[in-house]
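Go by the hints and put chain F onto chain E.
So the protein lines, in turn, are chains E and F. Numbering-wise, the first sequence is residues 1 to 565 according to the working numbering. Numbering-wise, the second sequence is residues 1 to 565 according to the working numbering.
Repeated chains share a single entry, so a pair holds when one copy, or any two copies, can fit it.
Straight-line Cα separation of at most 20 Å, SDA-like style, residue types lysine to any residue; simulated pairs: (1) K49 to E539; (2) K49 to R543; (3) K49 to E557; (4) K49 to V552; (5) K108 to E539; (6) K49 to P556.
Keep in mind that the hints were calculated from the coordinates and are not lab data.
Protein chains: 2
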Amino acid sequence: MQTWRINVRNQTLTREAIPPSWEHLGGRGLLARILVDETPATCEPLGPKNKLIFAPGLLVGHRLSSCDRISVGAKSPLTNGVKESNAGGRTGLQLTYLGIKALVIEDKPAGDGWWLLHLSADGARFEPADEFAGMGVYEAAPLLLEKYGSKVAISLIGPGGEMELSAAGIQNIDKDGVPSRISARGGLGAVMGSKKLKAIIIDSSAGEKPPIVDMPAFRKAQKAFNKALAEHPQIAVYTDFGTAAMTKMCNGLGAMPTRNFSSGEFEGAEKISGEYMRQLLLKRGGESSTTHACMAGCTIRCSNVFGDDDGKSIVSPLEYETIGLMGSNLGIDSLDAIARLNWQVNDLGLDSIEIGAALGVAADAGLLEWGDGQRALELMEEMRAGTPLGRILGSGALTTGKVLGVERVPAVKGQAMSAYEPRVIKGTGVTFATSPQGADHTCGLTIRAKVDHLNPEGQVALSRTAQFSMAGYDTLGACIFAGFGFAATPETIRDLLVARYGLDVDAGILAQLGKETLELEREFNRLAGFTAADDRLPEWMTREQLPPHNTVFDVPEAEMDAIFD
Amino acid sequence: MQTWRINVRNQTLTREAIPPSWEHLGGRGLLARILVDETPATCEPLGPKNKLIFAPGLLVGHRLSSCDRISVGAKSPLTNGVKESNAGGRTGLQLTYLGIKALVIEDKPAGDGWWLLHLSADGARFEPADEFAGMGVYEAAPLLLEKYGSKVAISLIGPGGEMELSAAGIQNIDKDGVPSRISARGGLGAVMGSKKLKAIIIDSSAGEKPPIVDMPAFRKAQKAFNKALAEHPQIAVYTDFGTAAMTKMCNGLGAMPTRNFSSGEFEGAEKISGEYMRQLLLKRGGESSTTHACMAGCTIRCSNVFGDDDGKSIVSPLEYETIGLMGSNLGIDSLDAIARLNWQVNDLGLDSIEIGAALGVAADAGLLEWGDGQRALELMEEMRAGTPLGRILGSGALTTGKVLGVERVPAVKGQAMSAYEPRVIKGTGVTFATSPQGADHTCGLTIRAKVDHLNPEGQVALSRTAQFSMAGYDTLGACIFAGFGFAATPETIRDLLVARYGLDVDAGILAQLGKETLELEREFNRLAGFTAADDRLPEWMTREQLPPHNTVFDVPEAEMDAIFD
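Only chain E is shown next, with the shape it has when bound in the complex (with noise of 0.2 Å):
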């Protein structure tokens, strides 16, 4: 396995070995390393200062079920902070397949124009790509498949991206071709927009699988794990109804993000939730599906395709995060008019969460009324537009709130909560306080602990366990759910790891790369300048009394600064 390191002005390839301190990491533990060793934490997040580097995590590339994810990482333009965020799709694995371990693209272009970078097994090499500018990314994805194979891996930012949003994720297209496996948060696409990388296309077909130090010790963890996969309950819950099983729990705990974060129950819950969503889907049928894979292998199929009334796909997937921002959070109950929201949000290559939430606060300052889906349409159709009011929307929630005068804007170092009311799961609250991330249910989500959520004692202790187990699966490039089975088999991450790569690791190895990944992203963010002043929920959620549980966050800050030491 090798670095990539392209200079986008140079339109340069340079293949490096990896250096040791590199070598037993992989996903965001390895793009926090990369980022603490080579890019300057004050730097401009759109500057040319700023890399953008994409890691395969650890155990990609052996189409173990959920374990091929991509992790992105720069210095994020939303919380000017370390940021990874990872998705599904095909990246990862043809990362693999050329062996290349961390791609990083440097440096900015001097002119204007907009480029492709195409990687195979030959190398790295530029097109002008200003035939593709301004599209979306459904126009764009299955064009860039026609031209380049339909066998390639793509990654590619929308207008959004183009636009340098600060909302704008990278979108990775999936299994079947389709782009809307976007590594969302934090504005990575605004980042790859400044690079004026329109797409990066990974031929892999000369490639081939990574070594695997001993096989057969492989394939036996390989099965455990697959076993425990499948006997987790959980799983066949995620299968049946996708994420958006977590509408009826969210909700019935208060916790579900209603109007702009200002209640935690919502009247038209039951019409977005999974269950309902799964009678409607096996109704209209079609290309209507329950249930889908992003990933080849993957076992847990969580993702779907929500099809209209006549079958007709409108987006895939439809999830629990976007009908929580984008549905509830907008007083929104149709899934129809949320699958039309979510549709524009990925076409614009833009996070579903930081644009709800932006929506949101919009709402709060009188732009649409609440449930008014086909105004939130046309809100959509302002960022496309790029007008002064798209662009307010396109950065994100908090710049939302401070150029429209709102002060209720439920963010953590700029970056939007997703759909857990932190005053009720409190723990995912610490999680979004404390988070090197800026607030992430994928930091450290811990809704299903069994624990009183509205109780402060003991949720610090709670939320560092779960972010050192995400901040590990994220390293290994393992799904959030591929925990299921990871957990009830914790020794088959090592065996995995040993068996791949002859690693001298233990049973806590997890653990041990979180803790690690996490010392490294908080690294960068105090080079950054970053404090324990960051790491606090905004002050109004702590005053403020959320229903129906007439709750605040009040988990001590003391605590909370306590909560790596």
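Only chain F this time, still in chain E's reference frame:
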């Protein structure tokens, strides 16, 4: 002297004795002390925990030339750090006559209505002010003077403050009743707007001059100060040409901000110079005046009245910073065009530096052509109307750059630079970078120092001395130009303080006050989460060469980090 503590939620006044640690402070130093003592540094700037504080300087109350300034402070919504912004006019004098050393405005009202706060020897009362809501300050001030008497002092906000725009300041009426003495910087008008106060009326008719411990000694020191001031050659320059005398000097040094800080030399400098303006105003006559005092007793009279072709006043005053930021920085070489922009920005109650910088960034984004004053006026109308674009611009240069996708933003800690190019006047660059206030020439201008401004060596020490002096003057309530007198007779500061208060101070008192003030301000910022990473000029200024000298900002970061050690 007392603290008057106003709670805007309960509409109550509490009068308190001055704590011992506040006694030797006033103005900027006292604000910093109160912010550290009372305001949670991580609070939301527009939330209920922020406090808006008015504090006259230590020397205010005796019509000492140029020494009756009012300091206003709070946690800044623009920088998120400590903020003091001082102005001339009547406010400082009349608060002092009422015995108010600090007016501390707390909390937020529950309702949406606007209020006037009326202060007099009878105490404080609130009056509904919805009839004034939305009014520009030039419309509101005469109505308020008519209603409350022509002798009262008034501090009020314009539509910008009502909209809680981060570039909003607080206007104070001058000795002639004109509301153009703005505590401009850092968004204090937005803080006042968040407290739903349209105006503060200060009626000191039943008040009295503050006591003087040793009148003969005071008069003697005053006389020495006045003499030194009158004899300083620079004073005559300011009397004749106003602050606009700086245009030729700055342009000659190659330090005139031109077209969004892309050049230090403006081909139209002559036409926006103080010399040109003087001839123009003398020719125009009528209400035009080349010299004017903003405070009673000022002998410098650097202000002016800028009349049109018919001699009718367009705006008063027209000052260098506005000429730099709304003139050369926008490629505008017409004083009439600048004066009309200045009237608009004043009427809206916005900071002409921040707005000029934001318009420069907007021009880089293609929203106006360089030199197009008419288009700039249209953009002012967008601000007045509160359109999305207007709100972007009114949120300041940094937000404008973020939303519009422009990386070349001339700001530090979120606050736009005043009209001295820091790649040329490098000592002032150090001040911009390291001042706890964000970029601000009044925190330590070094342009008059007899040094090679382009040489990075020695600039840190130069800036430190200037920052101590300016923080000292701001604590005294002395105008930056009073410094010409005090610098020639430094013992008069000690003598005035000893005679006025009986304080036990020595001739080093100015720097001592400055040092104490800066330490408090840095402490507040530290608690708010600021680090050395915030003490930096924008990265692009270290990389992009500025014509005509083709220099970058190259003062070593490590040296800057040690500036206050």
